[in-house]
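Asker: Produce the complete structure using the sequences and hints provided.
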Amino acid sequence: MYKAVIIGGSAGSFQVITRLLNSLPPNFPLPVLLSLHRLKHIRSGFVEALSIKSSIPVIEPYDKDQIKAGKAYLAPANYHMFIELGNRIALSTEGPVNHSRPSIDLSFITAAQVYREKLIGIILSGANKDGAFGIKKIKDYGGIVIVQDPAECQVKTMTEAALKLTKADYVMKTDEIIKFLQNLKI
Amino acid sequence: MISRYEIGIVETRNVIKALLDTYDYDFRDYALTSLKRRLEDVITNNGLKDSEVLINRLQDNKVFFEQFLKDITPETTEMFRDPSLWRHLREDLILDVVKNTSKPKVWVAAFDSGEELFSLCILLKEMCLLDQFQIYASIFSDETLKKIQQGRIDVKQLEINEANYDRSNCISKYSEYHHIAPATGSLTLDTKLIKDVTFIKQNTLYNNAPGGIRLALFRNQIIYYNQILQDKTLNSIHNSLVAGGYLILGTKETLENTNANNKFTVINETEKIYKKKTG
Chain A
1 MYKAVIIGGS
11 AGSFQVITRL
21 LNSLPPNFPL
31 PVLLSLHRLK
41 HIRSGFVEAL
51 SIKSSIPVIE
61 PYDKDQIKAG
71 KAYLAPANYH
81 MFIELGNRIA
91 LSTEGPVNHS
101 RPSIDLSFIT
111 AAQVYREKLI
121 GIILSGANKD
131 GAFGIKKIKD
141 YGGIVIVQDP
151 AECQVKTMTE
161 AALKLTKADY
171 VMKTDEIIKF
181 LQNLKI
Chain B
1001 MISRYEIGIV
1011 ETRNVIKALL
1021 DTYDYDFRDY
1031 ALTSLKRRLE
1041 DVITNNGLKD
1051 SEVLINRLQD
1061 NKVFFEQFLK
1071 DITPETTEMF
1081 RDPSLWRHLR
1091 EDLILDVVKN
1101 TSKPKVWVAA
1111 FDSGEELFSL
1121 CILLKEMCLL
1131 DQFQIYASIF
1141 SDETLKKIQQ
1151 GRIDVKQLEI
1161 NEANYDRSNC
1171 ISKYSEYHHI
1181 APATGSLTLD
1191 TKLIKDVTFI
1201 KQNTLYNNAP
1211 GGIRLALFRN
1221 QIIYYNQILQ
1231 DKTLNSIHNS
1241 LVAGGYLILG
1251 TKETLENTNA
1261 NNKFTVINET
1271 EKIYKKKTG
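In the order they appear, the protein sequences are chains A and B. If you use this note's numbering, the first sequence corresponds to residues 1 to 186, in order. If you use this note's numbering, the second sequence corresponds to residues 1001 to 1279, in order.
The reader is advised that the hints may include incorrect statements.
No more than 30 Å apart at the CA atoms, straight line, and that leaves these computed lysine-lysine pairs for DSS-like [stated by the list, open to error]: (1) Lys139(A) to Lys129(A); (2) Lys156(A) to Lys118(A); (3) Lys167(A) to Lys185(A); (4) Lys40(A) to Lys1147(B); (5) Lys167(A) to Lys71(A); (6) Lys179(A) to Lys156(A); (7) Lys40(A) to Lys1173(B); (8) Lys1232(B) to Lys68(A); (9) Lys1049(B) to Lys164(A); (10) Lys129(A) to Lys1156(B).
Worth flagging that the hints you see were computed from the coordinates, not collected in a lab.
Answerer: Rendered as structure tokens:
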């Protein structure tokens, strides 16, 4: 039924992501795409930090890598991460969008175009509006949209911007998102 | 971003066909997602109704086409993108390239907006080696060439460029190399840096490529290609390089997904430096 989960986050999302990755079953049946704001000039360390507690492998993909189920793909520093037809990663050094590279919007939009109604999009805590338009696109293409409950977010600008633009399928706290993903029937 | 035009795959193919038929510029094997996105930018930013209007405008208006070529080229870089690479070039690779060769040829094999070229020239100048190299730079559009020759670089990037410069262990101050016009705030780089550069007009990197190259900077280009174009271009660059010549890719690009993989040895995995095998 679904083909991928894509998650966007910025300030205040690291612990949430860590908990999500930690709680996924090791045989999670979908790829997890992570578009997270990060320091652009620090290339190493982030994927290692996310890997420590993750129950599935976390990879910083190379351009045109094939996307596989049961793995998490983290957008590399200073690149946009697109989803390309043929289920591959495509990277880009085009200018920042919403002051961000990687831009969550661009990852979300391209994923929505490829996976259409078979995509689950999740937006988490963050301090700017990147991702809000992407969430709308996922919804427009018929995908499922989950917004972290702004009341729980360390910084709620991002989730509120998303909710302003789109009627989310679910507004959930971290625990509920975890349960949703654990019980996912694909 | 809300009122952005969204282009379909069939429409994209129609634009590609028009460009090929009218101007012999071949976009058929570009990576679709990013090409679509840049086409959408062109359509949206020019206030065009749809891709059909774009095609008509391209066919009828050479000036618009030249501007289009500039806009469709990803503005790839910042100055000294990936400072650790530039440190490595300064401390190691450049010295190796210049050793035992008089006037080694370096090729900035990238359709970029000039940052990569200027970074290289600044690096070589600081090493007192600028006049010891023959530098080639690929040019896709006349508009971009004009911009580079006037040293015009995006002023919004100044902070990033300065930080990258410092992280690259450069020995002077970044501000030595540019001038900001007090009236307009526009920034120009010192064009003396590029006065001996040979610009090569190319509509693809594999046509009209230079030969005898010791070092090719080919960073963050194949990300915009599909596999066919990746193989074709890498094959051509391989032919351009002398045996033992170096190829540098972007940090998240790899030869592993290409046909060129067995023709090069990995010299530095982190900075994606490859050496052409001999024989």
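Asker: Now look at each hint and say whether the structure bears it out.
Answerer: Hint-by-hint comparison with the structure:
Restraint check for Lys139(A) and Lys129(A): the C-alpha separation of about 17 Å stays at or below 30 Å, so the hint holds. For the proposed pair Lys156(A) and Lys118(A), the alpha carbon gap of about 27 Å is at most 30 Å, so the pair holds. Simply put, Lys167(A) and Lys185(A) have alpha-carbon atoms about 23 Å apart, close enough for the 30 Å limit, and the pair holds. A C-alpha spacing of about 26 Å is found between Lys40(A) and Lys1147(B), which places the hinted pair at or below 30 Å, so the restraint holds.
For the suggested pair Lys167(A) and Lys71(A), the alpha carbons sit about 29 Å apart, so the restraint of at most 30 Å is met. With a C-alpha separation of about 22 Å, the suggested pairing of Lys179(A) with Lys156(A) holds against the 30 Å cut-off. At roughly 22 Å between alpha-carbon atoms, Lys40(A) and Lys1173(B) fall within 30 Å of each other, so this suggested pair holds. This hinted pair checks out: Lys1232(B) and Lys68(A) have alpha carbons roughly 27 Å apart, not beyond 30 Å.
Between Lys1049(B) and Lys164(A), the direct Cα distance comes to roughly 28 Å. Compliance with the 30 Å bound is thereby established for this hinted pair. Between Lys129(A) and Lys1156(B), the direct Cα distance comes to roughly 20 Å. Compliance with the 30 Å bound is thereby established for this hinted pair.
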